[in-house]
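As they're listed, the protein sequences go chains A and B.
Taking this note's numbering, I'd label the letters of the first sequence as residues 397 to 580.
Taking this note's numbering, I'd label the letters of the second sequence as residues -10 to 161.
Derived by calculation from the structure, the hints in this document are not laboratory data.
Ideal Cβ positions, reconstructed from N, Cα and C, are used throughout, including at glycine.
Treat the hints with care, as some may be off.
Stated by the list, open to error - Listed next, the stretches of chain B that the computed footprint assigns to chain A, with coverage defined by at least 3 CB atoms under 8 Å from CB atoms of chain A:
id: 1; region: 25 to 37
id: 2; region: 122 to 129
Said to hold, decoys possible - Interface residues of chain A toward chain B, partial, derived using beta-carbon atoms under 7 Å:
id: 3; residue: Gln422
id: 4; residue: Gly423
id: 5; residue: Val424
id: 6; residue: Val426
id: 7; residue: Pro460
id: 8; residue: Leu465
id: 9; residue: Glu473
id: 10; residue: Ser502
id: 11; residue: Gly504
id: 12; residue: Val532
id: 13; residue: Val535
id: 14; residue: Ile539
id: 15; residue: Lys544
Stated by the list, open to error - Ranges between beta-carbon positions, derived for each pair:
id: 16; chain 1: B; residue 1: Leu(-5); chain 2: A; residue 2: Gln431; range: 53 to 59 Å
id: 17; chain 1: B; residue 1: Ala157; chain 2: A; residue 2: Pro511; range: 32 to 38 Å
id: 18; chain 1: A; residue 1: Thr447; chain 2: B; residue 2: Ser39; range: 37 to 43 Å
id: 19; chain 1: B; residue 1: Asp44; chain 2: A; residue 2: Leu519; range: 31 to 37 Å
id: 20; chain 1: A; residue 1: Gln492; chain 2: B; residue 2: Ala46; range: 28 to 34 Å
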Amino acid sequence: MSRRMAVILMLLGLAAITAIAQQDPQGVKVPDAEQFVGKPKGTPLTGDDLTRKTQDIAASLRCPVCQGLAIADSPSEMATNMKGQVRELLARGYTQEQIFSYFERSYGQFVLLKPKFQGVNTLVWVLPVLALALGVIIVFAKIRNLEKAPEPKNAAAESAAPAETPEEDPYLARVRKLVKGDNS
Amino acid sequence: MNRTVLLIGIVITAALLVVLYFGLGKDPQHIDSPLIGRLAPSFALKAVGSGETIDLARYRGKPVVLNFWATWCRPCWEEHPTLTATAKSVGDQVQFVGVVFQDDESKIVDFLRERGWAYPTLVDEKGKTAIAYGVGGVPETFFLDRKGNIVAKFEGPMSPQDLEVNLAKAMK
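Could you put together the complete structure from these sequences and hints?
Here you go:
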């Protein structure tokens, strides 16, 4: 048997197991991702890859019954069920994009912890960058203004003006003289 | 230069305030359902008590009120009399269906025996039906028209008026 044939048989077997899992002998059938996002477009994951990818995706999906928690961090039953479903979908070969689409179809963009770059959400991405850019412009403008600032015109006049500094104060000069013992 | 910078600053601040206004004014638990106007996710689930498997498709042709609820949810207790009374009064014209959300079947049976049992209540396997419908808490009710499309969603306990208004949408 060729290697390609073995892979095809394995995938067919997986599809059959999935179909059985989705519809038990009593005829129970839960809504399935295939109904919404079609057939899996990726490679079925197993082992550490499956665990790692499940964790990655779970960290990006919001738990609908919690306050701003990812399903990866929530101990709620809902989050556990959603995480279980993410794992199951990855094991069946669904891609990250398909999984996001599946949950987004039910919950809308609410379920995505990282908002998409579209519509009003664009502001969430653009405004902080604009604000930062504006801040940088202001700082550079200020620095430039300081560098360009002219020397004080009255520098000479200031030196010639009557001294206000303690060294030049006549009273202080007299006191110093007295302290030094110069009585002339 | 200063005037330009000031203008840009005002524009950015105004935009941020708009985003905050709309963001903070929202109920953080409210979910705008993208399913409204779409065909309801199909399912066939086991009914509490009888064990019979009920396929949603069997109700195609009449409006369906699909109520996600649980016995641990106090607001679900509040709306239960409204749902059972309406289900009894409308008879075969509208199909009411309950879906158990994160609860034990035995508790559901006890609850229904004590407080009235007017329509099938189904057990949701691993919450997959709730997830497919985008349920973010209970009670939550979906209204399906005769073609099986979701026409409305109601979050929280329904008063008879709420039920009537949404039912009218499903019966159009």
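Hint-by-hint comparison with the structure:
no., hint, result
1, 25 to 37, "holds (count 6)"
2, 122 to 129, "holds (count 5)"
3, Gln422, "5 Å, holds"
4, Gly423, "4 Å, holds"
5, Val424, "6 Å, holds"
6, Val426, "4 Å, holds"
7, Pro460, "4 Å, holds"
8, Leu465, "12 Å, violated"
9, Glu473, "5 Å, holds"
10, Ser502, "4 Å, holds"
11, Gly504, "4 Å, holds"
12, Val532, "11 Å, violated"
13, Val535, "11 Å, violated"
14, Ile539, "13 Å, violated"
15, Lys544, "12 Å, violated"
16, B:Leu(-5) with A:Gln431: 53 to 59 Å, "54 Å, holds"
17, B:Ala157 with A:Pro511: 32 to 38 Å, "35 Å, holds"
18, A:Thr447 with B:Ser39: 37 to 43 Å, "40 Å, holds"
19, B:Asp44 with A:Leu519: 31 to 37 Å, "45 Å, violated"
20, A:Gln492 with B:Ala46: 28 to 34 Å, "31 Å, holds"
Consistency note: the structure conflicts with the earlier hints numbered 8, 12, 13, 14, 15 and 19.
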